[in-house]
Amino acid sequence: MRIHIAASSPAPKSDTRATVGIDLGTTNSLVAFVGEDGTPHVISGPDGPLVPSVIAFGKDGELECVGCPANARLCEYPDRTIYSVKRMMGRGAEEVVAELGMLPYQVHRSAGSSAVRIEVCGRRFTPPELSAFVLRELKHRAEVALGKPVERAVITVPAYFNDAQRQATKDAGRLAGLEVLRIVNEPTAAALAYGLDKRPQGRIAVYDFGGGTFDVSILQLHAGLTEVLSTGGDTHLGGDDIDQLMVATIASQLADAGIDVRGQLELVQRLRQAAIALKIALSDADKASVQVDLRPLRQEPLQLEWQRADLEQLIAPIVERTLAPCRQALRDAGLQPSDIDEVVMVGGSTRIPLVRQRVQDLFGRPPHVEIDPDQVVALGAALQADIMTTGRRDMLLLDVTPLSLGIETVGGVVSKIIQRNSSIPASATEEFTTSVDNQTGVVLHVLQGERELVADCRSLARFIIPVAPMPAGLPRVAVTFLIDANGILHVTGRDVRSGTEKTIEVKPSYGLCDEEVVRMLTEAFDHAETDIARRQFIDARSEAQQVIHATEVALAGSARALIDDDEIDEINGELASLRASLATEHAEPVRAALARLNQATLHLAEVALAGALNAAVQNPAVEEALSHGPDPAASKPHHGPRLS
Amino acid sequence: MTVLHDTTLQPGTPGPSAPLRPWVLDDRGHVDLERTGTPDHFAVLGLPRRLGLDTDHLDVTFRSLVRGLHPDRFAVHGPAAVARAQWHTSLVNDAYRTLRNFDRRVAYVLELAGDLREERYQPPAELLVHVFELNEAIDAMQDARDEGDAEAAAQAERDVREATATIRESRAEVTARLVAAAADWDAAQAASEQAGAELPALAQARTALRAGLGHARYLDNLLTRLDFSATQ
Amino acid sequence: MAYSDKVLDHYNNPRNVGSLPKSDPTVGTGVVGAPECGDVMKLQIKVNAAGVIEDARFKTFGCGSAIASSSLATEWVKGKTVEEAANLRNTDIVQELNLPPIKIHCSVLAEDAIRAALADYKAKQKA
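Protein chains in written order, with this note's numbering: chain A, 1 to 644; chain B, 1001 to 1232; chain C, 2001 to 2127.
Simulated from the structure, these hints should not be mistaken for lab results.
The structure presented is a predicted model; accordingly, all values stated were derived computationally and were not measured.
Keep in mind that a hint or two might mislead.
[As the list claims (entries may be wrong)] Estimated spans, in silico, between C-beta atoms of each pair: (1) A1201(B) with L474(A): 35 to 45 Å; (2) D2092(C) with E1198(B): 29 to 39 Å; (3) G1196(B) with V496(A): 25 to 35 Å; (4) Q2125(C) with A316(A): 51 to 61 Å; (5) D1143(B) with K2126(C): 32 to 42 Å.
Here a beta-carbon is modelled for each residue, glycine too, at the ideal position from N, C-alpha and C.
Only chain A is shown next, with the shape it has when bound in the complex (with noise of 0.2 Å):
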């Protein structure tokens, strides 16, 4: 049934493709959208809106599933259910390992470069595939939700995330088949969330405290315009490490009683959900306790009983720890605490009532805690969607670069090109020249961090930029490294004599080239398939609710005295059909249910429109959509498969 009438409300026309924020956590994953209404909502599945950020794999190393369900099998399989894949992005095998722990599964070196990669039953991963999966699940969710397929998305990253980390993240969403428009940083998310934009003007501290990291950002608003001007944190400092902590300390008084855990993975798991559950409650209790099965080490389960003050001294020294880079960020800014007219919490351990009494005791001041700590930062990265791609917010992030940029000079010494804090996009320029004769290249070593010799800062990449043979000296290139606005690094080099640009090959130290990504893509085109069969049904049902609609509006109306009884049993029986085909969810039945429905409304449709044309002569908002002729966008054949 296809009756597009301009009636009182005349829908607005929509894109046909939607722009997302995404969080992509440690622990917790979320997308948000931003409605017609221009405010922005986390988007919900079936267990809520957190997508916890765990993959499961099956015995053969094929995914199983991601999220609520995965999470439920950490316990049962750890050899392959992965988790706190954030915290391995853009990052080498052996700091994986020193990082994590010990871990339930198997990490390697990939060839050639220093990048990890993760084996599960067989299989090896990268973490960016891995937080493909996670994306991509975020993307489906979002999919079924809006009802139209979302090829593009704002991620957000720490702010304290380097270039190889944001670049993994970058990977991950192209992965997903997502169109990355920009990588953000949480803290400022979270600030445009809290609409504190809308301030004239004022300045914000924004305490990010999540499951795996630490960020703190200094931020400056004036008229729609947020300006970071400082950032610090550390990258490895989250919940997670109190949960350990937590774990540690329960794992020492068992050992006390003679119970060793260590190497029982299963039961690790269990004290560690324990700890979080202890951890969680003590955030509104001044005790809470928690059974833990110690089978098969013990029969009788432990009762744990904390009391928040336990956990508190406990976990003070995280706490302190975290308060450093914000009094660092304040000296950056070149401010006072009693310079800042806002602070904002964000985060699941800012919960911890320690948490926001310390942050109240340095700035002076009761932090905001109104949205969700764990929503917020998803919330911030749809308004960024929305900013980049509607024009309708007069709203611009201007962010910076958390680490100094540097390039290696003879005796391992770092000469840094762009400083750290520095408003990004930044860049530099550089030349170069040779040093022996008829060399043919020159080897640049790029690296971040704030200490003086290549040893102590991130190797991010190296470069060989060629050049034609001539004598020592001679030569003179001028290579530009440009931080973009993702805070992701860029390098292109020009002859000076000659004015040629030059292709330099990058080989990221860290990171997958782009190679790389291109072949992954490939592979991912063995489950392209199943891809395709979701869009077809995303577009199917999609036209479905609109036609539901529809028949609904005109059964509703007028037209409805001119159609006899047995006809409109049969059209609600479609209609009962049609709702039922979703369920399905696949495009076939929905087709056909859709194709009987529309058969069975032909009487209905010329009876609503002729009332409509007689309707029309009293109101020319009608008349200019009928004159106009059938919505293109409605008769057109659904848009085909697309892969991206």
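Given the coordinates of chain A, assemble chains B and C onto it according to the supplied hints.
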């Protein structure tokens, strides 16, 4: 080759039509470095080359430029438009960051003049000894804290606090000297521009600026360390 | 781009850190600074009756390259005569430590410190 001239900025309109400052762009829309050299920070922001500038005006100029040029405004216009916006915004950001801060602005003007040996600043011996002794006092304070000697630490902290006050006073004096030298430089620069050649007064002003900046750097390093040790 | 272990060693384990009695007539003290970065360096030498530098100490508040440069300089002057020590050039330090262009002023600082210490020692002898 296109030379784009400044037009009125219209914030809030994303699109490739956003105006650009008078930089020389090549046919592909890149800034032509061969023509413009590394764009001069003053030129990027459309300002005359002067040390005395109205920071409020600078802020307004920066904000309006960045609103028009920022890559987020071009997100839906394809990768080429975004890449161009990245590059343009980076120039505006770099210029603003450098010129917004007085000391950095002075350092930039000196950098434009090049490293001139005859204008080099040699810090006076008393200053160096003073700075050295204060650094040792901070070390002593930290040692006393590390060893848990509360009494010695308290004494050292008092000494350091007193010294900090003195250093802050000296820093204020140096700033006043720098401001005066900056005014001299501006006058000499204006006169040189009019004469079409560098006047001797310009080199004199630069020497004074180099001295002020060199002196300030010692005091600033010390103050950073003092501030840091105070919060530990 | 490997850098020599020697450089790293001077960065990580600087030699001869400390001070000598300033009022000792056989000790020469030099305090110098690099206006480029605001580093300060104190270098002291102790000269025996034969005019040979038998000990040297330094303390530097500054970057790693300045510390490495002064560490190397004290190593070099030990056992040299006052005249020999005066011939030390910053370029020797640059070569030995492979200092990059932006850190050359650190080696200049070390050379200046030795000159200042020698001058102080000579002034004390005349007095």
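Cross-check of the supplied hints:
1. At about 39 Å, the CB distance of A1201(B) to L474(A) agrees with the hint of 35 to 45 Å.
2. Checked against the given bound of 29 to 39 Å, the beta carbons of D2092(C) and E1198(B), roughly 37 Å apart, stay inside it.
3. A hinted range of 25 to 35 Å for the beta carbons of G1196(B) and V496(A) is consistent with their spacing of about 29 Å.
4. Separation of Q2125(C) from A316(A) is about 60 Å and conforms to the stated range, judged on CB atoms against 51 to 61 Å.
5. Checked against the hint of 32 to 42 Å, the pair D1143(B) and K2126(C) passes, with Cβ atoms roughly 37 Å apart.
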